[in-house]
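K.L.:
Letter by letter, the chains look like this.
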Amino acid sequence: MGARTAMLSIEDLQARVDGKPILNGLTLEVGAGEVHAIMGPNGSGKSTLAYVLAGRPGYEVTGGRVLFEGRDLITLAPEERARAGLFLGFQYPVEIPGVNNVYLLKAAVNAARKARGLPEVDAFEFLGLVREKMALMRMEDSFLSRGVNEGFSGGEKKRNEILQMLVLEPRLAILDETDSGLDIDALKVVAAGVNSQRSPERACVLVTHYQRLLEYVAPDFVHVLVRGRIAKSGDRSLALELERRGYDWVAGEAA
Amino acid sequence: MSSLTPALAQRLAAEHASAARALAGPAGGAAHTALAALLAAGLPTTRDENWKYANLRALEKLRYLPAGATGEPAVVTAALLPPAVPEFARYVFVDGVLAPGLSAPLPAAAAALALHEGLAGTATAGSVDERFALLNAAFAPQALTIGVAAAAKARLELLFIAAADAAHGASYPRVQVQVEPGGQLALIERHLSAADLPSFVNGAVAIAVGAGGSCTHYRLQHLNGRSIYFDTLAARLGARARYRLHGTATGGQSARSTVMVRLEGERADLTLAVAALGERQQVQDAYAVIEHAAPNARTEQTFRGIAAGRARVAFNGKIVVAPGANGTDSRQSLRGLLAGPEAEIDVRPQLEIYTDDVRCSHGATAGKLDDSMLFYLLSRGLTRETAQRLLKWAFLGDVVAKVELPELRHQIEERLVGQLQDDGLRELL
Numbered sequence: 001m002g003a004r005t006a007m008l009s010i011e012d013l014q015a016r017v018d019g020k021p022i023l024n025g026l027t028l029e030v031g032a033g034e035v036h037a038i039m040g041p042n043g044s045g046k047s048t049l050a051y052v053l054a055g056r057p058g059y060e061v062t063g064g065r066v067l068f069e070g071r072d073l074i075t076l077a078p079e080e081r082a083r084a085g086l087f088l089g090f091q092y093p094v095e096i097p098g099v100n101n102v103y104l105l106k107a108a109v110n111a112a113r114k115a116r117g118l119p120e121v122d123a124f125e126f127l128g129l130v131r132e133k134m135a136l137m138r139m140e141d142s143f144l145s146r147g148v149n150e151g152f153s154g155g156e157k158k159r160n161e162i163l164q165m166l167v168l169e170p171r172l173a174i175l176d177e178t179d180s181g182l183d184i185d186a187l188k189v190v191a192a193g194v195n196s197q198r199s200p201e202r203a204c205v206l207v208t209h210y211q212r213l214l215e216y217v218a219p220d221f222v223h224v225l226v227r228g229r230i231a232k233s234g235d236r237s238l239a240l241e242l243e244r245r246g247y248d249w250v251a252g253e254a255a
Numbered sequence: 256m257s258s259l260t261p262a263l264a265q266r267l268a269a270e271h272a273s274a275a276r277a278l279a280g281p282a283g284g285a286a287h288t289a290l291a292a293l294l295a296a297g298l299p300t301t302r303d304e305n306w307k308y309a310n311l312r313a314l315e316k317l318r319y320l321p322a323g324a325t326g327e328p329a330v331v332t333a334a335l336l337p338p339a340v341p342e343f344a345r346y347v348f349v350d351g352v353l354a355p356g357l358s359a360p361l362p363a364a365a366a367a368l369a370l371h372e373g374l375a376g377t378a379t380a381g382s383v384d385e386r387f388a389l390l391n392a393a394f395a396p397q398a399l400t401i402g403v404a405a406a407a408k409a410r411l412e413l414l415f416i417a418a419a420d421a422a423h424g425a426s427y428p429r430v431q432v433q434v435e436p437g438g439q440l441a442l443i444e445r446h447l448s449a450a451d452l453p454s455f456v457n458g459a460v461a462i463a464v465g466a467g468g469s470c471t472h473y474r475l476q477h478l479n480g481r482s483i484y485f486d487t488l489a490a491r492l493g494a495r496a497r498y499r500l501h502g503t504a505t506g507g508q509s510a511r512s513t514v515m516v517r518l519e520g521e522r523a524d525l526t527l528a529v530a531a532l533g534e535r536q537q538v539q540d541a542y543a544v545i546e547h548a549a550p551n552a553r554t555e556q557t558f559r560g561i562a563a564g565r566a567r568v569a570f571n572g573k574i575v576v577a578p579g580a581n582g583t584d585s586r587q588s589l590r591g592l593l594a595g596p597e598a599e600i601d602v603r604p605q606l607e608i609y610t611d612d613v614r615c616s617h618g619a620t621a622g623k624l625d626d627s628m629l630f631y632l633l634s635r636g637l638t639r640e641t642a643q644r645l646l647k648w649a650f651l652g653d654v655v656a657k658v659e660l661p662e663l664r665h666q667i668e669e670r671l672v673g674q675l676q677d678d679g680l681r682e683l684l
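Going line by line, the protein sequences match chains D and Z. Each residue of the first sequence is one higher than the one before, counting from 1 in this note's numbering. Each residue of the second sequence is one higher than the one before, counting from 256 in this note's numbering.
Simulated from the structure, these hints should not be mistaken for lab results. Be aware that a few hints might be false.
Unchecked claim - No more than 35 Å apart at the CA atoms, straight line, and that leaves these computed lysine-lysine pairs for DSBU-like:
hint: 1; chain 1: Z; residue 1: K657; chain 2: Z; residue 2: K623
hint: 2; chain 1: D; residue 1: K106; chain 2: Z; residue 2: K657
hint: 3; chain 1: D; residue 1: K188; chain 2: D; residue 2: K133
hint: 4; chain 1: Z; residue 1: K307; chain 2: D; residue 2: K114
hint: 5; chain 1: D; residue 1: K20; chain 2: Z; residue 2: K307
hint: 6; chain 1: Z; residue 1: K316; chain 2: Z; residue 2: K408
hint: 7; chain 1: Z; residue 1: K307; chain 2: Z; residue 2: K573
hint: 8; chain 1: D; residue 1: K232; chain 2: D; residue 2: K188
hint: 9; chain 1: D; residue 1: K157; chain 2: D; residue 2: K114
hint: 10; chain 1: D; residue 1: K106; chain 2: D; residue 2: K133
hint: 11; chain 1: D; residue 1: K232; chain 2: D; residue 2: K106
hint: 12; chain 1: D; residue 1: K232; chain 2: D; residue 2: K157
hint: 13; chain 1: Z; residue 1: K573; chain 2: Z; residue 2: K623
hint: 14; chain 1: D; residue 1: K20; chain 2: D; residue 2: K232
hint: 15; chain 1: D; residue 1: K133; chain 2: D; residue 2: K114
hint: 16; chain 1: Z; residue 1: K623; chain 2: D; residue 2: K106
hint: 17; chain 1: Z; residue 1: K657; chain 2: D; residue 2: K133
hint: 18; chain 1: Z; residue 1: K623; chain 2: D; residue 2: K157
hint: 19; chain 1: D; residue 1: K157; chain 2: D; residue 2: K106
hint: 20; chain 1: Z; residue 1: K657; chain 2: D; residue 2: K157
hint: 21; chain 1: D; residue 1: K157; chain 2: D; residue 2: K133
As the structure is a computational prediction, the values presented were derived from the model and not from experiment.
Looking at chain D on its own, in the form it has when it is part of the complex (with noise of 0.2 Å):
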């Protein structure tokens, strides 16, 4: 991946969960830029290697290291991940009744203001903000007063992961099926957050089962993992080989 400077840089990353291994050996390098695509079977840890990266208690991380912007990202807790600029968009968001959307967005952004010695954002000009990131994602403005994820369906789930990131404005997302469950209307908007998102500074690890988000969301990499180690990489016309071929034929070279 030539001499880039690394944004993510995984190295020989293994782990387990519930003491059973799930990644046995995975490297991946992110450069600021580029969106990245990790595709694989069931079972094969793609969903696991968002979760270590973004610190989920009771994955754990057994040998190898992962270097985010140069500091060693295992070593910090989920929260100071999050504020270092890394943002994982949830396979399954978590619904928190009582806690109001709207203000789950503001601590979240004054949480990393304050990281970087930053005051809090001005309430007023911030709701101008969500509003026109809302309008982007086609969400109601009832969307203010609910509570997170409360009673969204799933696709108004995945739009508020998204919209979320787009205030947020993370170095580095990590997306974790985010295509799975939406309808072709649903995946257009979410992909247009996505796309709203591509800059020159940041990345975007989309983990997908189906090259369907890829369609709009045009990756510069992807990669299939398999039994936790990426067997194969290449760029996008890897995904409209493995839709043809299916992921037995990776599995089959892998093996």
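Dock chain Z against the given chain D, drawing on the hints supplied.
P.N.:
Okay, now just chain Z, sitting in the frame of chain D:
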């Protein structure tokens, strides 16, 4: 088994005699009858089924004579009172005795209020769960009766200030409410401490709501953390009567609330929502028994309790559906949150059903903060402290959000924030 040790029985009798002047009004005889019944029946012990989580150890050491009617009257100034709730008349009681100078009475037409010296009505021993009401009947120097006429509306706050040190005597708030058919009452019953002294408060409230009437009852037990508190609330609902009880319990070194509601008329409707917070070594115990005695009545019961430090927070919610109470619809949601490694939560739903055609659901949980919610908030960059505080707040939200009076809700939220000892929560208000 309820009982009195000989020493305690002797003390009760002696203190009753010494307070005879205060208790010897026109109803003095009734107070004596109540005392005799109490001495015969005894007070509950932790061996009694619905009392095992209550803290009854202090009973042997307490003084029982009514502080407000015997010693020097405590000086309480208006500055100590919480802000008035708009459109609510306010009656202030200091150690269970009306303080007219601090009160802002109702327009005369809204409701008929009468203050009785000594016991109003009669008292019988009743079940073991009614003994603290009996104790109240024996010692209460005053009783307030509130009558809301048919189709009338009244808004009323009763503010009970505990000022006396428990070493000098007790406070016995006593209220009887009658809402006539079609009448509407909004009632705030608030218990506060004047200072940091340990007080002993034992209240008794009886409410009857006639056919088609309504009563919304906000009950705030916000005493200081050193006091001993007992209360007994008995309510009876007629046909299509509606009773909503919103309780918050934050105060008391040891607090026990007994709530007994009987839905006597068809289509009576009860909402009971309680939030309790315990910290340090506080005990917050509540027992609520709801009896469905008529068909097609409805109950919705919600409890949210947080125990921090070494506190114990208990809620025992029992629903009894009598034979013939067909079409009963009852829902119970009881949840406790453990916020400290040495804290204790006891939530217990109980159903006793003596008829077939009912819909009764119940859920009870006790646990720590939800890990997946916590991780979600952390993954957004919130500090662990902020995330935990936010989730505690959200946990109580089910109950607090039901308080429809904005000013009162704000005051309750302020109190809960103070109790959670987390100033960061203020920005949520």
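K.L.:
Hint by hint, say whether it matches the structure.
P.N.:
Hint check results:
no.: 1; hint: Z:K657 / Z:K623; result: holds, 24 Å
no.: 2; hint: D:K106 / Z:K657; result: holds, 25 Å
no.: 3; hint: D:K188 / D:K133; result: holds, 15 Å
no.: 4; hint: Z:K307 / D:K114; result: violated, 49 Å
no.: 5; hint: D:K20 / Z:K307; result: violated, 45 Å
no.: 6; hint: Z:K316 / Z:K408; result: violated, 43 Å
no.: 7; hint: Z:K307 / Z:K573; result: holds, 15 Å
no.: 8; hint: D:K232 / D:K188; result: holds, 28 Å
no.: 9; hint: D:K157 / D:K114; result: holds, 27 Å
no.: 10; hint: D:K106 / D:K133; result: holds, 14 Å
no.: 11; hint: D:K232 / D:K106; result: violated, 40 Å
no.: 12; hint: D:K232 / D:K157; result: holds, 31 Å
no.: 13; hint: Z:K573 / Z:K623; result: holds, 24 Å
no.: 14; hint: D:K20 / D:K232; result: holds, 23 Å
no.: 15; hint: D:K133 / D:K114; result: holds, 22 Å
no.: 16; hint: Z:K623 / D:K106; result: holds, 26 Å
no.: 17; hint: Z:K657 / D:K133; result: holds, 32 Å
no.: 18; hint: Z:K623 / D:K157; result: holds, 25 Å
no.: 19; hint: D:K157 / D:K106; result: holds, 18 Å
no.: 20; hint: Z:K657 / D:K157; result: holds, 26 Å
no.: 21; hint: D:K157 / D:K133; result: holds, 15 Å
In this structure, the earlier hints numbered 4, 5, 6, 11 are contradicted, and the remaining ones agree with it.
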